[in-house]
Structure formats: C-alpha cells, structure tokens
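K.L.:
Put together the whole structure using the sequences plus the hints.
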Amino acid sequence: MFVWSYWKTIFIQPANPSKEFCLPKVEKERYEKEERPENQQEILWRAATSLPLYTRTGAGAIRYCDRCQVIKPDRCHHCSACDMVNNCVGFSNYKFFILFLAYSLLYCLFIAATVLQYFIKFWTNELKDTHAKFHVLFLFFVAAMFCISILSLFSYHLWLVGKNRSTIEAFRAPVFRAGSDKNGFSLGFRKNIAQVFGDQKKFWLLPVCTSQGDGLTFPTRLVSADVEQQATVTLQQEPSKSESQNRLLSSEQNANNVAEHQENNTHTPVGHDCSISSDQQVATQHLSSVHFQFLQN
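Going by my numbering, 165 is the number at position 165 of the sequence shown; the sequence numbering is gapless.
Keep in mind that the hints were calculated from the coordinates and are not lab data.
Treat the hints with care, since some could be wrong.
Across the chosen pairs, the derived CB separations fall in these ranges [to be verified]:
(1) Phe-189 / Lys-28: 40 to 46 Å
(2) Ala-170 / Pro-219: 43 to 49 Å
(3) Ala-15 / Thr-124: 52 to 58 Å
(4) Ser-180 / Thr-124: 55 to 61 Å
(5) Arg-190 / Lys-33: 48 to 54 Å
(6) Lys-28 / Gly-213: 24 to 30 Å
Straight line, CA to CA, 16 Å or less: simulated EDC-like cross-link-like pairs of lysine to aspartate or glutamate [stated by the list, open to error]:
(7) Lys-182 / Asp-66
(8) Lys-72 / Asp-214
(9) Lys-72 / Glu-20
(10) Lys-33 / Asp-66
(11) Lys-72 / Glu-169
(12) Lys-182 / Glu-169
(13) Lys-25 / Asp-66
(14) Lys-19 / Asp-214
(15) Lys-163 / Asp-181
(16) Lys-28 / Asp-74
(17) Lys-28 / Glu-42
Source: prediction; values computed, not measured.
The beta-carbon is built from N, C-alpha and C at its ideal position, and this holds for glycine as well.
P.N.:
Below you can see the structure in the form of structure tokens.
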C-alpha cells in the first residue's frame, strides 16, 4: 500500500483547466495588446460571464494566470512541484498523497517499534560489541525523525481535509463576491471528508480515485446562503408593508370616530366645541404623516 500510494502520487498528472477557461483568440490578442489593467479586466469579465466562478482576487477582479494564459477556475493555482514526490499535489492526486503520508507514518512506526528493543539494549550496554551497534542506532534515529516529521505533516493535512481547505487557502482566505471567507468551501466535517475520500468508506484506505467533483467547480455554502438570505429579506419586507397598511387603516378609523363624535355633539357648549376641533387637527396631522410614511415605504 505504501508503494502503491507513492507511485500514484508521483505519476498521476495534475489536472489542467478545460478549454472553456481559455480566452478566445481575438480576446486574447486584445488582452495582450491592452496596457491598462481596467481594460484588461473588462475583457476578462466578458469572457467569464458564462463560467462557474465564485472566487476573485483580493481586489475583486477575475483571477487570470499570465503564464498559462487562462482564467483560473475556483481554487486553481499555478504551483511548483513538491520536492518529496517530484510532482504537483492537487485535486487529481491529493487523496493519494494523504494515503502516502499515512502509510509512511505506519512504516516508520513499525521500524522504530521493531528496533526499539535493540536500542534499549544498546543504551544499557547489554548489546554485544558488534558492527550492528551502529546500524541499530542509525536505523532507530532515522525512523524516529521521519516519524515525527511525517506525523506533523499528516496531522496538518488531516486538519485541512476536515476544514475543506487547500494549503494556499490556509494561509490566504479565498475571496468571494461578498468578501473573503476562510470557510467558504466548508460543507461540514462529514461532507468535507467525502470531498476527498468519497462516499464509500470501503475505498478510503485504497489508493484509487474516489474524490468528488471534476476539479474545476466546487460546492460552496455561500451560494445557497445568498439565495436563502434574499428570500428572507423578501419575506421580511412584505409584512412591513402590511403593518403600514394596518396602521393607515387604524388611523382612518380614528379619524372617522372623531368625525362621528363631532356630529353627535353639535349642541354642546363652546368649550367642548374647541376641544373637538383640536382632536380633529391632531387626527388629521397623524393621518397625513401616516400617509406620507406609507408612500415612502
């Protein structure tokens, strides 16, 4: 399993963006001739209207690779080769790389555990004075050092898988239309694990391709959140209009009650007539202000 996963990590070629992310020939020539960055961005915006893109640069522009001359898909970067495997670690071989770290860790633990008893005898001077002393000492320290280093790297990548982040996203949060969000691609712990290892647990420990997706588009919680937020805002705005209408109706009813009260008290003394006129003015002013507020809403 160690050799199999290592072989898959080395020889699986990294995925490349599809042709739909390449600029048309005419647009590409215009982009190369254009010197102003804002005009270049206009060309990229027109070309990216039909592409499934959610991430942006830090300035909110379309992500473009000048070396490959393609529009970058989400979570896509032009990276260098990893020195450990002499290959780029990406979507196509990330599962194999994690399995390679796991089996390397188990292999180092096995070597350190089997040599430990001889190392203890060497430390207590119980081991015979032979040429094997140096080999035992060297093998134990090498296995222990590799075990510690691989354990730290393996733990770090397990943490990244649980958060559904790449190494670059761990240092620099991805930028979406609404701003940067380090958890923009996080779908929950179980779904994050399934994104790399797949839905069927029986294939998790085998170096076979079970990762979800195509490497060009990735599900994000922000898209569904935006739709839900817009629906919530719409629902919140509708009751507000109903409340305004109810306030208007109640104000009209109050004005009608005041008018009826005036008609029923036409033969009252002068002092009472003045108080009724004041009530009418207050009701009229209140009704006008409510009408004005309702028109604004």
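K.L.:
So, for every hint listed, does it hold in this structure?
P.N.:
To see whether the hints hold, each was checked on the structure:
Taken as a hint, the range 40 to 46 Å holds for the pair Phe-189 and Lys-28, whose Cβ atoms sit roughly 42 Å apart. Taken as a hint, the range 43 to 49 Å is violated for the pair Ala-170 and Pro-219, whose Cβ atoms sit roughly 19 Å apart. Between Ala-15 and Thr-124 the beta carbon distance is about 54 Å. The supplied range of 52 to 58 Å therefore holds. The hinted range of 55 to 61 Å is satisfied by Ser-180 and Thr-124, whose Cβ atoms lie roughly 57 Å apart.
For the pair Arg-190 and Lys-33, the beta carbons lie near 50 Å from each other, so the given range of 48 to 54 Å is met. Checked against the hint of 24 to 30 Å, the pair Lys-28 and Gly-213 passes, with Cβ atoms roughly 28 Å apart. Note on Lys-182 and Asp-66: the hinted pairing is violated, with a Cα-Cα distance of about 25 Å set against a maximum of 16 Å. For the proposed pair Lys-72 and Asp-214, the alpha carbon gap of about 14 Å is at most 16 Å, so the pair holds.
For the proposed pair Lys-72 and Glu-20, the alpha carbon gap of about 11 Å is at most 16 Å, so the pair holds. For a cut-off of 16 Å, the pair hint linking Lys-33 to Asp-66 stands: about 13 Å separates their Cα positions. Under the criterion of a C-alpha separation no larger than 16 Å, the hint pairing Lys-72 with Glu-169 is consistent with the structure, at around 15 Å. Restraint check for Lys-182 and Glu-169: the C-alpha separation of about 7 Å stays at or below 16 Å, so the hint holds.
A C-alpha spacing of about 15 Å is found between Lys-25 and Asp-66, which places the hinted pair at or below 16 Å, so the restraint holds. Distance hint between Lys-19 and Asp-214 is fulfilled; the C-alpha atoms sit about 14 Å from each other, no more than 16 Å. This hinted pair checks out: Lys-163 and Asp-181 have alpha carbons roughly 12 Å apart, not beyond 16 Å. Straight-line distance between C-alpha atoms of Lys-28 and Asp-74 comes to about 21 Å, which puts the hinted pair past the 16 Å bound.
The straight-line distance between the Cα atoms of Lys-28 and Glu-42 is roughly 12 Å, inside the 16 Å bound, and the hint therefore holds.
Hints 2, 7 and 16 from the list above are not met by this structure, while the remaining hints are.
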